[in-house]
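Q: Each of the two chains sits in its own frame; use the hints to bring them together as a complex.
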Amino acid sequence: MSEAVHIDEPEKFSFPALVKIACLAAIGVGLATFGLSFLGGADLAFGGWAIASWYVLGFPLFGMFFLIINNLSSAGWHVTMKRVPEAMLQYFPVGLLTIGVLCLTFLFKEHQLYEWAHPVDHGDLHSTLISHKSKFLNIPGFLGRTALYFVLWTAFALIMTRASRKQDVDGDVKHTFTQKNLAAPFAIVFGLSVTFAGLDYIKSVEPTWFSTMFGVYQFAGIVESGFAMLILTLLLLRRLGYLRSAVNENHFHNLGIWLLASATFWAYIWFCQFLLIWYSNIPEETAHYIARWNTPWFWVTFVLNPLLNWALVFFILLPRPNKRNLKTLAIAAVIALLGRFVDLWQYVTPKPHANAAGMPEPHYMPYTTFWQIGIVVGVIGLFLFVTLKALEKAPLLAKKDPYFEESVHHHI
Amino acid sequence: MADQRPDLFLGVFREQDHTLEATKACREAGFTFYDVFAPYAVHGLDRAMGLPFSKITWVTFLCGAMGCIIAISGMTYVSAWDWPLNIGGKAPFPFPAFVPVMFELTVLIGGLCTMLGLFAMCRIFPGKKARLFHPRVTDDRFVIAIEMDEDFDESKCREIFAQHHAEEVKQVGPDYEAAVAEGGAA
Numbered sequence: 000m001s002e003a004v005h006i007d008e009p010e011k012f013s014f015p016a017l018v019k020i021a022c023l024a025a026i027g028v029g030l031a032t033f034g035l036s037f038l039g040g041a042d043l044a045f046g047g048w049a050i051a052s053w054y055v056l057g058f059p060l061f062g063m064f065f066l067i068i069n070n071l072s073s074a075g076w077h078v079t080m081k082r083v084p085e086a087m088l089q090y091f092p093v094g095l096l097t098i099g100v101l102c103l104t105f106l107f108k109e110h111q112l113y114e115w116a117h118p119v120d121h122g123d124l125h126s127t128l129i130s131h132k133s134k135f136l137n138i139p140g141f142l143g144r145t146a147l148y149f150v151l152w153t154a155f156a157l158i159m160t161r162a163s164r165k166q167d168v169d170g171d172v173k174h175t176f177t178q179k180n181l182a183a184p185f186a187i188v189f190g191l192s193v194t195f196a197g198l199d200y201i202k203s204v205e206p207t208w209f210s211t212m213f214g215v216y217q218f219a220g221i222v223e224s225g226f227a228m229l230i231l232t233l234l235l236l237r238r239l240g241y242l243r244s245a246v247n248e249n250h251f252h253n254l255g256i257w258l259l260a261s262a263t264f265w266a267y268i269w270f271c272q273f274l275l276i277w278y279s280n281i282p283e284e285t286a287h288y289i290a291r292w293n294t295p296w297f298w299v300t301f302v303l304n305p306l307l308n309w310a311l312v313f314f315i316l317l318p319r320p321n322k323r324n325l326k327t328l329a330i331a332a333v334i335a336l337l338g339r340f341v342d343l344w345q346y347v348t349p350k351p352h353a354n355a356a357g358m359p360e361p362h363y364m365p366y367t368t369f370w371q372i373g374i375v376v377g378v379i380g381l382f383l384f385v386t387l388k389a390l391e392k393a394p395l396l397a398k399k400d401p402y403f404e405e406s407v408h409h410h411i
Numbered sequence: 000m001a002d003q004r005p006d007l008f009l010g011v012f013r014e015q016d017h018t019l020e021a022t023k024a025c026r027e028a029g030f031t032f033y034d035v036f037a038p039y040a041v042h043g044l045d046r047a048m049g050l051p052f053s054k055i056t057w058v059t060f061l062c063g064a065m066g067c068i069i070a071i072s073g074m075t076y077v078s079a080w081d082w083p084l085n086i087g088g089k090a091p092f093p094f095p096a097f098v099p100v101m102f103e104l105t106v107l108i109g110g111l112c113t114m115l116g117l118f119a120m121c122r123i124f125p126g127k128k129a130r131l132f133h134p135r136v137t138d139d140r141f142v143i144a145i146e147m148d149e150d151f152d153e154s155k156c157r158e159i160f161a162q163h164h165a166e167e168v169k170q171v172g173p174d175y176e177a178a179v180a181e182g183g184a185a
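Residue numbers (numbering that gives the first Met the number 0), protein chains in the order written: chain A, 0 to 411; chain B, 0 to 185.
Chain B on its own, in the form it takes in the complex (with noise of 0.2 Å):
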């Protein structure tokens, strides 16, 4: 598997602004992204890398919507269809009693599907082993990591990355996590 995967070209940079602006001139280039990678969320980085809307909305709002629903459904059943409750004199649909829990259910589902839904978009799990490419990406430093595919234009992206101060570029393999190991070294 791992030699199907596109070798990555990367560009080390150390501030923030040349960062954004080589993003998009790569993008500009018509450049395939790996990644970008920042030691915080760089405002705008999402738009300077074209990346699209992301979906995790849907994924709270249908899921805050189905834990509405079994609220609604769950309470009904236990409480008015399959052995009526009579509760302080209300009647046995008591649908005032019910919001509350319906708001409950609703944020909590809603707010788990959100997190479960974020882990599996980023194919993130515990014990995942981090993809950095450059030991202080986590601290001060940025790389970018374009997929060395058919459109990919070496010259060109060498002086993209050059324009904009690249500390440093660099090609690796396609096996990332042995060139993960040797940047911890470099």
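Isolated chain A, as found in the complex (with noise of 0.2 Å):
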């Protein structure tokens, strides 16, 4: 409170070349892995860019949320760290990108990872079913909603960082109040559009399966995953001497509440999921479940899952003191990035169909398919390189931000 906090640290970042080479590194192993994978069938090689794309598409939806639910609620303490977030909101082009290549899975007819895409008519309730739902999962609808996320997300990135750097020149409040009304219809759209992306990348992978929880399912992953990536890049930021009085203990603190809140929901959202399919066993949406639960992905969906989404992260995080020490902290983040793929990997790669005797049967299993989250590192280092990059084109503090003093002096 008291306590005068003095910034003597680099305010203007620059990229260092050790880091860039590592993102480099990083994108090599995914191409490398995504190339590898067309061996085992174009839909693994797909599935597991679905993943990787959507997976990290999380990261600049988690800075959209981040920086809408901090100016609704008139929150200072992030201030210091804002230019992080809204760094990441730059990766949505390249994000356009990464589905654009995902989108290249629709010239394939054998091996499609998404079955609605060219439906074959089997005369059974299946195919009865996709061919249902082909007014909302046919590729021009796809495509032409991809294209209107993009366009509401990259406004989004825009007028919001273009605000931000304009109070840097002027530090006229007006652009507080700007991002703010930006804030309020975007919280809406985000909500939308987070959970109609997840339904068209994700979700349709297993087009039969019926959940209404899907959406705010991959909205809590979104949340939990960005809460890790953003104490992640920030760590990163301090070990290369950014930072270091401006973000201090009491902002990891701050983080280290959210990520076990966020953790708590998800855990929260997957159960509910589950018991609600449990408790009225109906056979469209059991069928999910049941390829899973007999099979070696029981250990994947139903313990690692929520062993690293969940528990391990709020055990370790529980402690005040824990939520303060930047080591734990890193380690909890970690965790949580690995959790995030071990979901989404759990979705989509096992691909379901009915055997023989009717009963639900994967197609892939997970001892030959874990190592594609080789796929999500290289994605990983494509999100790194961007955002860094687009760091570097801001002051990293927002020194004119009307919230930047409390910020500083942010002490709980």
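Hints are computed from structural coordinates only; laboratory data are not their basis.
A portion of the hints provided could be inaccurate.
[Stated by the list, open to error] Label-pair restraints from in silico Cβ distances:
id	chain 1	residue 1	chain 2	residue 2	range
1	A	GLU404	B	CYS121	47 to 57 Å
2	B	TRP82	A	GLU405	52 to 62 Å
3	A	ARG319	B	ARG122	19 to 29 Å
4	B	GLU27	A	ARG319	23 to 33 Å
5	B	LEU61	A	LEU142	50 to 60 Å
6	B	CYS121	A	TRP370	22 to 32 Å
7	A	LEU124	B	SER72	37 to 47 Å
8	A	PHE105	B	TRP82	56 to 66 Å
9	A	ARG319	B	PHE102	20 to 30 Å
Ideal placement from N, C-alpha and C gives every residue a C-beta, glycine not left out.
A: Structure below.
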């Protein structure tokens, strides 16, 4: 409170060559894994790509959520770190590129990731259901919706960062109100677009499954992994010598609280989705879980997934000192990021089909597909490259933001 | 019992920052705090007084865990052990159905015990008389109360209080309740 904070670290970020090389190496790993995975089938390769592109698209979406929520609640504590989520937003155009690569899957007739793209009529209920859903799930609709999402998201990114930059020059409080006014309608846009994008890119891999919780489930995963990524990016900047006093243990404590809360929210939603389907016991819904319950996927879906996404993060971050200790915070963040991969992997990769007895059975097994994480590493490398490049373009501290002083002296 | 309590040395302050600084100075001088009174929760006051980290978190954690155990064992006994129930064709031990109740009882018992634990630790209960020492301490004044034990050095304490702009400095005897009644008139 009364302790003075002296900010003496550099205000301009320069992207160190070593980190640049690490990012490029990660991209190389990702592309190599993606290329090699075609040996296993195009659906496996594009499945991995769908996981990776949606996983990483979650980071700029998280940046959007973070800025919206803090603007709407007139929060001040985040101002010293707000350049990082703002830089995350600059990934949207590159994210569109990764979704463009995902759309190449439509060129494949065999081993199609999205069954609804080239539906084959087997004359059974499964085919009928898919043709029934074709009003929504069709290629032009998919491309059109993708265009709409990215126009909206990029518009948000442009207006938000422009207002922030203008404030750097004139220090006018009206830019804060611009951001606040933008945040209100985009809170709704964010909720709807994340739900529909999650349905398009991830849920439609199993087009005959019904779940009314999928949108909020994706939102929970995005928020959890987003906070983990924000924490790790800030720790990287700290290690490079930036933001050392402006973003101190009090800010990290807040982020730790957010990570703990969002992990718990994820667990709540994850379990709700399972509980409702388990209780009502309707075949269209339970098929998804039966394919995972009776197979090796059980350990991934029902053990590893809640362990990484919730249990470990929760118990590591529960004591107050652990939220203020940057090492334990980093461990929890890494676990949450691994958990996000497991969460998407166990959804996209199994691709269940009905076996001879009519029971759902996964097409791919966990021990032959875990390497798909390589593609995620690659796209995360791409994301970090774009974000750190964007971070170079503006001062690291928004010193003329009216909440700046409050944020510098943030103390809990 | 009242005569075993030490006399108190009080400093009355107008500003929050002066109070914080004076508290820090008193701690550095090695004085024993009876308490510091403020009209609202002052940020950083606990640290300035050198109070240890609250143990209430352990009450919450252990009672929450106890609530969870009560829920699972109670439901298992009632619906799977003593009289296995068939509800909607589920197995007699339908664990997923227990989870919401486990969660609810964890939160309920954890929350209630936190409140009761807080009351116990602060020794407050309905009908307890407040010891305020100054009529305006619930309004716009801060009071630092130092115990006058062996380590106490009155001239030094006076000096610290004066340095940090104390409005009023006074000593109260071991009968705090009488002092409070007197203070109310002052």
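Q: Work down the list of hints and note, for each, if the structure agrees.
A: Each hint tested on the structure:
Separated by about 34 Å at the C-beta atoms, A/GLU404 and B/CYS121 break the suggested range of 47 to 57 Å. Between B/TRP82 and A/GLU405 the beta carbons are some 60 Å apart, a value that agrees with the proposed interval 52 to 62 Å. A hinted range of 19 to 29 Å for the beta carbons of A/ARG319 and B/ARG122 is consistent with their spacing of about 24 Å. A beta carbon spacing of about 25 Å between B/GLU27 and A/ARG319 agrees with the range 23 to 33 Å that was offered as a hint.
Checked against the given bound of 50 to 60 Å, the beta carbons of B/LEU61 and A/LEU142, roughly 55 Å apart, stay inside it. Checked against the hint of 22 to 32 Å, the pair B/CYS121 and A/TRP370 fails, with Cβ atoms roughly 57 Å apart. One distance hint, 37 to 47 Å for the beta-carbon pair A/LEU124 and B/SER72, holds here, with the actual separation near 44 Å. Distance hint check for A/PHE105 and B/TRP82: the Cβ-Cβ separation is about 57 Å, which falls inside the suggested range of 56 to 66 Å.
Taking 20 to 30 Å as the suggested C-beta distance range, the pair A/ARG319 and B/PHE102 conforms, at roughly 22 Å.
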